[in-house]
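In order, the protein sequences belong to chains A and B. Quick note: to get the numbering used here, add 1 to the position in the first sequence (first position is 1). Quick note: to get the numbering used here, add 3 to the position in the second sequence (first position is 1).
Simulated from the structure, these hints should not be mistaken for laboratory data. Owing to the predicted nature of the structure, the values given are computational and were not obtained by experimental measurement. Possibly wrong hints are sitting among the right ones.
Stated by the list, open to error - Cβ pair distances, simulated, as ranges:
hint, chain 1, residue 1, chain 2, residue 2, range
1, A, 135, B, 417, 23 to 33 Å
2, A, 135, B, 271, 50 to 60 Å
3, B, 789, A, 163, 26 to 36 Å
4, A, 201, B, 374, 47 to 57 Å
5, B, 374, A, 163, 31 to 41 Å
6, B, 271, A, 172, 51 to 61 Å
7, B, 789, A, 172, 27 to 37 Å
8, A, 201, B, 327, 47 to 57 Å
9, A, 201, B, 290, 31 to 41 Å
10, A, 180, B, 290, 30 to 40 Å
11, B, 374, A, 18, 37 to 47 Å
To be verified - If we take Cβ atoms under 7 Å as the criterion, some of the chain B residues that face chain A in the derived model are:
hint, residue
12, 432
13, 434
14, 709
15, 792
Glycine is no exception: its CB is placed at the ideal position from the N, C-alpha and C atoms.
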Amino acid sequence: MIRLRGVTKTYQTPAGSFAALRQVDLEIETGELVAVVGRSGSGKSTLLNMVAGIDRPSAGSVIIGGTSIERLPADRLAAWRGRMVGVVFQFFQLLPTLTVAENVMLPMDFCGTYPARERRPRALDLLARVDVADQADKLPSALSGGQQQRVAIARALANDPPLIVADEPTGNLDSTTSEAIFRLFSDLRADGKTVVIVTHEREAVSGAGRTVTIADGCVSPDRTAQFA
Amino acid sequence: MAPRWQKALSDIAARPGRSALAILAMTVGVFALGTLAFKMAILSPVLASMYGHTRPASATLSTDGVEDSVVAIARAVAGVGDAEARPTIVARVRIGGAGKDEWIPAILFVVRDFERQRIDLFKPDTGTWPPGDDEVLLERSAVRVAGAAAGDALALRIPGGDERALRFTGTVHAAGLAPAWMEHVVYGFVPWTTVARNGPHRESAQLKIVVAEHELDEGHIHEVADRVKAALVARGHEVTRVEVPAPGRHPHAAQMDTFMYLLGTFGLLAFLLSSVLVASMIHSLQSEQVRQVGVMKAIGATSRQIAGIYLAQVGMLAAVALAIGTPLAWMVGSAYARFSAGILNADVSGSPFPWPALVLVIAAGMIVPLLAALGPVAMAARVTVHQALVEEIAPRAFGTGRIERLLAGIAWLPRPLLLMLRTAFVRRGRLALTVGMLAIGGAMFMAAVNVSAGWNRAVNDDFARRRYDLTLRVAQERPVDELDAILATVPEVVRAEYWTGASVYLIGASGVASQPITMLGIDPASTMLNFKQSAGRWLDDGTPDGVVINNAVVALNPTLRTGGRIGVRFEGRTHEYTILGVTRELTPQPILYACPPVITAITGETGKTARTMRIVTREHTGDAQLAAANALERTFASRGLEVAALQRMEDAKKGILDHLVIIMVILTLSASMVVLVGAIGLTSTLTINVIQRTREIGVMSAIGATPRTIAGQVWSEALLIGLLSWGVAALLSVPVTWALQSVTGRMFFRIPLELTLSFSAAGLWLVLVVVLSTFSSLYPSWRAARLTVREALAHV
C-alpha cells in the first residue's frame, strides 16, 4: 500500500538547511493500523505529510497504492489526495461556515466521487457511523471537541479512501473522548482501511498493529504490538 | 539601525503584496488630492488676475456712432471710469478653401488704437502688430476654427457689401473672450482704418464703459449705464441696447464652475475613500500582529514603543506613496490646469510652481495615513501579553447573525459556492466596506454615463421640438412676398416662416428694466415650435395680450408665474402682458414668445417685411441641411440679396454637444479615480481574506480541492462582491445622477435636466465590474492557489 524509499526532506531555514527526514525507508501494508511516535521535532508530522501527499520529498520516492505521488503535478495530486487519502487534523479543521453535513459532503463535491443526490445520504450515513448524525445540520461551532473530531473522521471517509492519516487526532480531547476516537480508527482498520496515526497517546500505541518510531528524521526498527 | 526600526522595515519587506496594496491605496489618495490641489493652485491665481487684467467692460451700449465725441460724452458721465468705442462687424468667413462654399460666423472687433487700448484688453501673441488696413489679427483660439495659416487671405462676407479678403498676419490673446473653438466663431481684430469698414451698414457701433467704482455691483453698473444712455440721448444720439454682463465673470465661468465642482467632488471623494481603505488595511494588518505584540511586550516593550514601530511602518509606506503619487498628481494636475485654462482662453504657462500645494499634498499624504492608522495601532498596542499569547483569540462563530442563519439555510447551492458565499459574510464589516467603496465608484461611473445620456437626450429632444432646419438672415429687411418667391425657387426648401422680433428689457422684481430679453412673434398655429410646457399652455389667439416665457426668463425673475403679469420696456415705454405658460427649452437666452401682432404693436412694423426666416428643408440630415444652405446662398446671391447669417440646426446641435463632450470626459475620468480606489479595496479585501483563510485553504486542499478550485473560489468571491456592489451602485446612481444632472443643467442652461437613467450605464458597469473583479482577484487567487497544503496548515 505505502512504500517510502530513501525519502529525505530538507527545509531551508535562515539558520541553514534542516533535514526533517533522512533516507527513510518504510512499508505499510493495506489494512494496517500504524502509530507513528517520536519526540517533538523528530519528523513524524513530516513523515505523515509525505504519506498523505501534503508535502513532497526532497529526495527518494513515495509510492502509494502503486502511484509515485512525488511526480504528480499539483492539480492531480490534490485530486489524488481527495480520492485516496482521508486526513484528520489535531484541531479538527472543520470549515466553520458549513454545516456538519456540508463539511462531510465537501470532499465529494471537490472530487465528484458520488452523484450529487447521493452525497447527503452518504454524509448522513457516515455521521451516523461516528454517532453524530443528530448534529448533521448544525454548524461546527455548536459541537463539542469530541463531536467535531468525529465529524472530521466522517469527512475523511467521505470519498471512501483506502488510506486514513491522522495527525495527533486526540491531542485536543479528554481521555474518554480519545478512547472513543481510537475505537473508531480500529473499526476503520477492521473495515480494511489503512490507518496511519501520529500520536503521543499510549492507548493508540498499544492499540496499533504496529508502531513506527522516528527520531531525528530517521525511522527506528519497528516495534509491533498485538492489537487488543 | 535599531532593531525595532529594522522590524518595521522587515515587516514591509516580508509582506510585499500587502505592502504594495497599502502603498497603492495611499498613492491613489495622494494622486486624487494632489491633482485637485495642483490644478487649483496653478489655475486659481491666473483666473483671479487674468480676467480682471483684461479690464472687462462693465456695460456695452449699442449706439448710432463711435466718433470720439460720443466716447467723450460717456467719459464725462458721473460714475464712468473709462469708455472706448469698439465697433464690431458681424461677418462670415469662408472655411475649407476657395473651392468650398461653407461659411461660418466671424466677429471683427474694430480697434481705435492697438497701442492704447482701454477696455476689453488683448495682447499681441504672434505675427504683425498692429495690423494694416487690409490685414486681420485672429484671436489665437480662432486660428484652428478658421483653418487658416499666417499669410492666408481670409474671404469674408461683410454685411452690406460683397466679399472682401483680409490677410491674416498674426494672432492676439484676448483672455476675456470665450475660446473660439468652443463657440464655433472666428474672432478677428482690425484697425480703425480697416477696409472692412468701407460702405454703409457694416458695423454695430458699440461703446464700452467701465464704472469708476463698485465694479462688481450689477445694480450700480445698470444705474451708470442708464446715465450714459440718457446723456447720449440728450445729445441727439440713439442707444438701441445696453448690455450688462455678469460683473467679474468670464463668459465661460459657468463651465469652469461645473468642472471645479465635478473635479472637487470626485477628487475629495476618492481621497476620503482611499483614507478609509488605508484605515481598513492597517486594521487588518494589525490584527495579524497580535502575537508579535504579545512577544514584544513580554520582553519589555511599552505600548508607546509598539505604537511607534507600527506608525513608523505606516510612515514609510506613506513616504513611498508620496514619492510615486506626487509626481503623477503634478503631471495630471498641471495638464488639467492647462486644459481648463484652454476652456477659459487663459494661459498658465507663466504660473509659478505651486509650493503651498506641494506642502499641502506632502502634509496630507503623511498625516492622513497616520491618522487612519492611529485607531488600529492604538488598539493593537493596548493588547496585553496574556491576551496576545495565552488567550484564544477566536473569530466570531458563524451562524450568530440573521443573515448568516439565512445563508446557513441555503443548502441547494454547490458546497464550494456555498462556502464562498458564507465566508464572504463572516466579516460583514469588511464586506460592507468593500462593497460600499466599489459601489460608490460604480455609482459615479453610472452617473457619468447617465449624465451623458441625459444631456444627449435633452439636446436631441430640444432640437426635435424645433421643427425647422435652417435659420437664414438677410442683411436688410425685404418684403415677405419677395422672400417667399425666392425660397420657392429652391427645390430643397419645403416651407418657411417669418417671425417678428424685438429686443426689450425685462422689468425686474424691483420695477427696474434691467435685463435684455428677446421677444419673438410667432403664429400660435405654427408647428415649427413644439416646446414642452413646464407650466401653463402655449400661445393662442384667444388671449391677445398673452405671452409665453421660457425658463431662462424665470431664472431672471423667479417671481414670474403662469397667470401673472410680465412687464417689458421697449424704447422707453412699458408694456405688460399676461403669462400664459412657461416653456422648458435648453437655452440660456431669455425669450418671450407672443403672437405677431403683440410685437408689431410695440415696434410699429407692419409684419409684411422680414430679415429672418426659419426654413424647413426636404430632408433633415446634416448633409441635406448643408446642401440646402449652399443652394440658398447661391440663390440669394444670384438675386443680389446678401445673406447675413445662415445657421444649420444640425450644426448648432453639434456645437452644444461639443461643449458637453468635455464635461463627459471630465466626469468619466473623475469617476475612474473613485473606481480605482474601489478596485484596490477589492484586491485588498480578497488578499486579506486569503491570508486569514490560509488554514481553511489548506484543509480544502487536504481533502481534495485543486489549486484551480481554490483560485476559482477567490474569483467567485470577487464576483460576488462585484455583483453586490453593482446592485448597490445601481440604486445609489439614481440620486447621484439626479444631483449631477440638476447641477450641470442649472449651470449651463438654468434648468435642471429631467432625470435620465440609461440601461447601457447599468449594463456597461456590470461588464466592467466583472472585468474589474476578475483583475482584482488575480493576485489573491494566484496567492491562494500556490499555497502548499503544508504551508497553509502551518499558518498561524
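Verification of the supplied hints:
no. : hint                         : verdict
1   : A/135 with B/417: 23 to 33 Å : holds, 25 Å
2   : A/135 with B/271: 50 to 60 Å : holds, 57 Å
3   : B/789 with A/163: 26 to 36 Å : holds, 29 Å
4   : A/201 with B/374: 47 to 57 Å : holds, 50 Å
5   : B/374 with A/163: 31 to 41 Å : violated, 59 Å
6   : B/271 with A/172: 51 to 61 Å : holds, 55 Å
7   : B/789 with A/172: 27 to 37 Å : holds, 29 Å
8   : A/201 with B/327: 47 to 57 Å : holds, 53 Å
9   : A/201 with B/290: 31 to 41 Å : holds, 32 Å
10  : A/180 with B/290: 30 to 40 Å : holds, 38 Å
11  : B/374 with A/18: 37 to 47 Å  : holds, 46 Å
12  : 432                          : violated, 16 Å
13  : 434                          : violated, 13 Å
14  : 709                          : holds, 4 Å
15  : 792                          : holds, 4 Å
Checked against the numbered hints above, the structure violates hints 5, 12 and 13; every other hint is satisfied.
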